[in-house]
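Let chain F serve as the given structure and place chains D, E and C on it in line with the hints.
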Amino acid sequence: MSKEKIGVYICHCGSNIAGTVDVAEVSRWAGEALKDRGVVVSRDYKFMCSSLGQELIQKDIKEQGLTRVVVAACSPHLHEQTFRNACKEGGLNPYLCELVSIREQCSWIHPDKAVGTEKAKAIVSGGVEKVIWDEPLEPLRVPINPVTLVVGGGIAGIQAALEVANAGYPVIMVEREPSIGGHMAQFDKTFPTLDCSACILTPRMVEVGSHPNVKLFSYAEVTNVSGYVGNFQVTIKQKARSVNTDLCTGCGICQEKCPKKVIDPVFEAGLGYRKAVYTPFPQAVPKYPVIDRENCTYFLKGTCRACEKFCPTGAIDFTQEDEYFTFDVGQIILATGWDLFDARRIPQYGYGRLANVFTSLEFERLTNAAGPTGGKVVLRDGVTVPKSVAIVHCVGSRDQNYNPYCSAICCMQSLKFAHLVHERTGAEVYNFYLEMRTPAKGYEEFYQRVLEEGTHFIRGKVAEITDAARYPGEEGKLIVQAENTLIGKQMRVPVDMVILSAALEPRRDFKEVARLFGISCSEEGWLIERHPKLDPVATMTEGIYIAGCAQGPKDIPASVAQGAAAAARVIGKIQQKQITMEPIRASIDQEKCSGCRICNNMCPFNAITFIEDRMVSEVNPALCQGCGTCVAACPAGAISGTVFSDQAILAQLDGLLLNNLKTLDLTPA
Amino acid sequence: MSSASVSPTPEGIRQKTFLEEVIENTPGDCHLLNCIQCGTCGGSCPSGQDMDHTPRAIFAMISAGLKKEVLKSNTPWYCVSCYYCTVRCPQSVHITDIMYTLKRLAVKEKVYDDSKAPDFSKTFVDWVENYGRAFELGLMSMHLIKHNPFGVFKMAGMGMGMISKGRMAFTPTRIKGIDSLKAILNKAKELEAMA
Amino acid sequence: MSEKFEPVIIGFTCNWCSYRAADMAGMGRIKYAPNIRLIRLMCSGRLDPTFVIKAFAGGADGVLVSGCHPGDCHYIEQNYKAMRRFYLLRKLLSQMGIEPGRLKLLWASAAEGQIFADEVTKFTEEVRALGPLHWDPTAALEAEQSIYQPAEVAA
Amino acid sequence: MKYSYFPGCSLERNASAYHVSAMAIAEPLGMEFVEVEDWNCCGATEYVSLNLIASYALIARNLAQAAKETSTKQLVAPCSACYLNLKKCNAYMEESPSLEEKINLALAAGGLSYKGGTLKVRHLLDVIVNDVGYEAIAAKVTKPLKGLRVAPYYGCMIVRPKLGKNGTFDNPEYPTTLDKLLKVLGATVIDFPLKAHCCGGHMTQISESTGFELIRRLIKGATDYKADLIVTLCPMCQLNLDAFQGAMNAHFNTTYHMPVLYFTQMIGLAFGMDAASLGIGTELVDARPALEKIGVEVPEAEIVVKKPPKEALPMPSMPEEK
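Protein chains in written order, with numbering that gives the first Met the number 0: chain F, 0 to 668; chain D, 0 to 194; chain E, 0 to 154; chain C, 0 to 321.
Isolated chain F, as found in the complex (with noise of 0.2 Å):
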């Protein structure tokens, strides 16, 4: 019989439980057949998460002395904390408190309520096994250091930096690129308003760069981040610029003497050319040029030094080399962005085979005053003005092909172009669509405006781009053939320039940046946050948080708003000045460590330490992040961890198994 006094609760979650789960019968178990286990109180209620759920409880531990609490409802990652937070207000300690999932685990993932009914019952019963050997404990608490390091410099990383740095904090900003602004520097007009996009990114971008609470690393990279929440060390690889930053007054000189040209494919999309030393654009921050070693004909050839001969500063440096930085840092926000489908990936469309057939980015440069045409919408051969222009949305989104969702942006982008076209050309637009989203502020009035400019809207995906000609008058043109499903009729529209509205996807490299950080990232690429409607900004790194696209598709004022709530995230926890921890640590008992050592090197955080005199091991609890490892490898089991013990494991394995119900008692002595 044990000593504890054990409440057990059984959400129903409306009928999510109740629907699959017969839950006043498990309640009703829980109460007879775990009652030599120490269950005094078993109920079940409607939604236990609920403030009246809670309250139950708590009025429990009072009224009955509860000494343990088992709430079996959804998934401990999603209420853990609520209730323990409630039996601590009930005066408990927070730690007797175990939440089961009877909800993901059973509920959803099966029909047949007897089923449901007695997985339930060995899912409670674990839980009550479980919670007879939790031991009470305190939260740790660790001091928060207040740098904040901001990953990416596009609109969501320096809107983060900002408001961090604005609120009295130092921020460091790493962007892999020489200069920061993203992909929103590329643009000239930004929907639904139709600003210049450099006039309002510009300042923000000065903002950054002149900051005083802001260290900007561009042309750099993070490569190593250990540690944790409020303690995070960093590295950044400052990648040689073979430009000396102290001397350099950004004048422009170098490019302009330098002879060596090279197409951009970054920030011109490979519509574009730069020299070999390159500010990727004039209003670039930091205004320091880098030299782009792969082209420069004095790292390629060992002559030249045009460069270095006219610059008035002195400031060339070729034998500058990577520089490694390593910063405390104690959050970090990661704004890293996305990267274009790449359109060739569907050749029926015949993107780098048929010259005008432009990419979204593409387009976006034709139209910037400061691209490579100035602005003027012209074909490929650089003079040619289109008399008709089709627009192709979902390219490689919304397809099971390439990418399933929905890239968010391209409705308003492909809007935004058929109005730019008009504006530019008078050409006439055909916009090939699938459904017509826009909902967000100002949108749907954008939509009626380019109706009213005479766009044609044809309802159906594009099947196929050709320049073969199968009737007169469509020699010399590219035909865009498509069933118009709003009257069920194939319709081949013979045009002079096609502009793919191409899918956002994830950055290339998502792999390493989700390894190094520590984080997790859907199957395609997109870093997950730890709730996808009421926690949008944290992971499920503590002291990690995502913004902008790196999350997901999203347009500018959406990146904004998440850049900002990155940084109000953050801002809180600095204000804490502390952050509390789960105790989940491992701890050695001296009396029975034989210093064998097997653990030392177990622990990828090093917080195992040898103590020579003592002969014995010990653990550093602020560095070590109890993942238990050490645990299970000690042969001379004196090594624990709190909250899963062996004990506690086992116990919880009895219960599952339903062997409380015939065996010896197992409760602690």
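Calculated from the structure, these hints are not laboratory results. Here a beta-carbon is modelled for each residue, glycine too, at the ideal position from N, C-alpha and C. Watch out, some of these pointers could steer you wrong.
Unchecked claim - Facing chain F, from chain D, some residues (calculated, C-beta under 8 Å):
#, residue
1, Cys37
2, Gly38
3, Thr39
4, Gly41
5, Gly42
6, Gln48
7, Asn129
The following block gives chains D, E and C in isolation, referenced to the frame of chain F:
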């Protein structure tokens, strides 16, 4: 699995919908329930311009339960089995396979229109069932005479050319194991009738 | 209830990937074999071989060990340790007369609810095909003794 | 390399040039073909329009017959329709145990059985470019097809649909293996945008206007691109584009002249083989003017009108041409 959502209907509660019937008669998971009416199939179809309804429209009609209209349509018979729609479909609907299903259902229900296609298939199959191999000359001439006696003149030049180049046989080849083949096919048809 | 043998399977999952994969399967309302009962550990590296032996001794017909994909471990590399223990355990089980097929290792990321569900169903069928495990628990005690000996190797 | 070989009905007669040329190049390419014992028709696209299980059983009989040959697991079909049918049946049997069971019940009536996935079904082009390889082919070229502008034409069923785990051996939208092969043979290969479009299949028999239009698009496309000839790998495509070209011209009142040869014939020519031995001359649209560009002499085709043998069945009479 989308097939899960067409779980067997309890007897006597309601009749199987046409949509369910089409799905059941198509091998594998044909993903018809996933159709989002985008029209990639109709846009891609080489003979789409001559169809009564585009494949997309046919799918909408199937889910609306317009069985008679669908089975009377010439659409499946104008399918040339090029599989463009199938590989391009953003929802992985097995469109070509569904067209074959519609042909079979139309033949079974005897409601297809006056398209020559079912007869062409039947004539072809007759040769195969009796000889084990196809027989082009017999097939083409019989088909022409039956359906387009005047077309015979148009095609005669081609036929003579083929014969003169030695590319057309006068006699069909019969395989050795024709009896075993017949037994196999009979058994197969028996199994099909039971399903 | 049918006469069909319903195996009892114990699943050890790590807190970060595989338990979340199970959550994901549930949230997606993916239907799969209900025979599995999960124990959440912080990491698959926490898996003490004793847990597995005890599970079999206590009446489980199959044991699933599940963690993050190699390289994705929340604790950097501890799932490799689970993998090493897994192979050793399989060997040990066959020495003790238990079909190694009753123990399965599954990598599942937090996004792989479908994979988790499919694999659990597959494993349930495999164990069902092997039939009920009737195992003498006293042998388990001996095994438990022996398992502590080669811990260096197991680790 | 040894392969089971499934010629299919077309190669017996109307596409005999394909068969003859494939056999002629097998030896120099180091390939050995063992014809499937007493094979039967694959049912083309017709049988499955009428009966589902029977059509698969018909195909499966061939798989079962081919599996009897134990020295190779590779089954090669030169005809795209046969290739797809065999591949599809093989894949569906492997994927769907219930279909496999039914098919095997039927096969058992003929004393046969087959397990889905036992054989690997491949197209002749696939084995030539992937098993033999471009380099080995290049090494054998003695008379490069220099100066000949060819339009490579794949048609549909060799690259579509994607089936099974490995999908297709070439891109379903824009395949390139035949392009590369013809380049290796020394020809000038045009980037033919219609290379994987449809030849119309049996549409000439169902709806002439539809069928002829599909043929016209391809012939017009190749002509617009100034091709000397179209190179294909499917007997149905060859039949439509070659044998029906005259009727198509008559229908549209056009004067296209676009010869259509098989890729195996082109390999043979580049290997220096005699045109007649490759079945060149049996095409209806005369390829001689095109081949003269590369100095290939083609004998005047012999007009053979064989008398039907005694056991022949009565024939429907063919009306005389006016």
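So, D/Gln48 near chain F? Judge it on the closest CB pair being under 8 Å.
holds (5 Å)
Answer holds if the nearest beta-carbon of chain F is closer than 8 Å to that of D/Gly38; otherwise answer violated.
holds (3 Å)
Next item in the hint list is D/Thr39. Is there a CB on chain F closer than 8 Å to its CB?
holds (4 Å)
D/Asn129 as chain F interface residue, shortest Cβ-Cβ below 8 Å
violated (40 Å)
Proposed interface contact between D/Cys37 and chain F, which counts if any beta carbon pair is under 8 Å:
holds (4 Å)
Next item in the hint list is D/Gly42. Is there a CB on chain F closer than 8 Å to its CB?
holds (3 Å)
Holds or violated: the hint that D/Gly41 contacts chain F, with Cβ atoms closer than 8 Å.
holds (3 Å)
When held up to the earlier numbered hints, the structure conflicts with hint 7 and nothing else.
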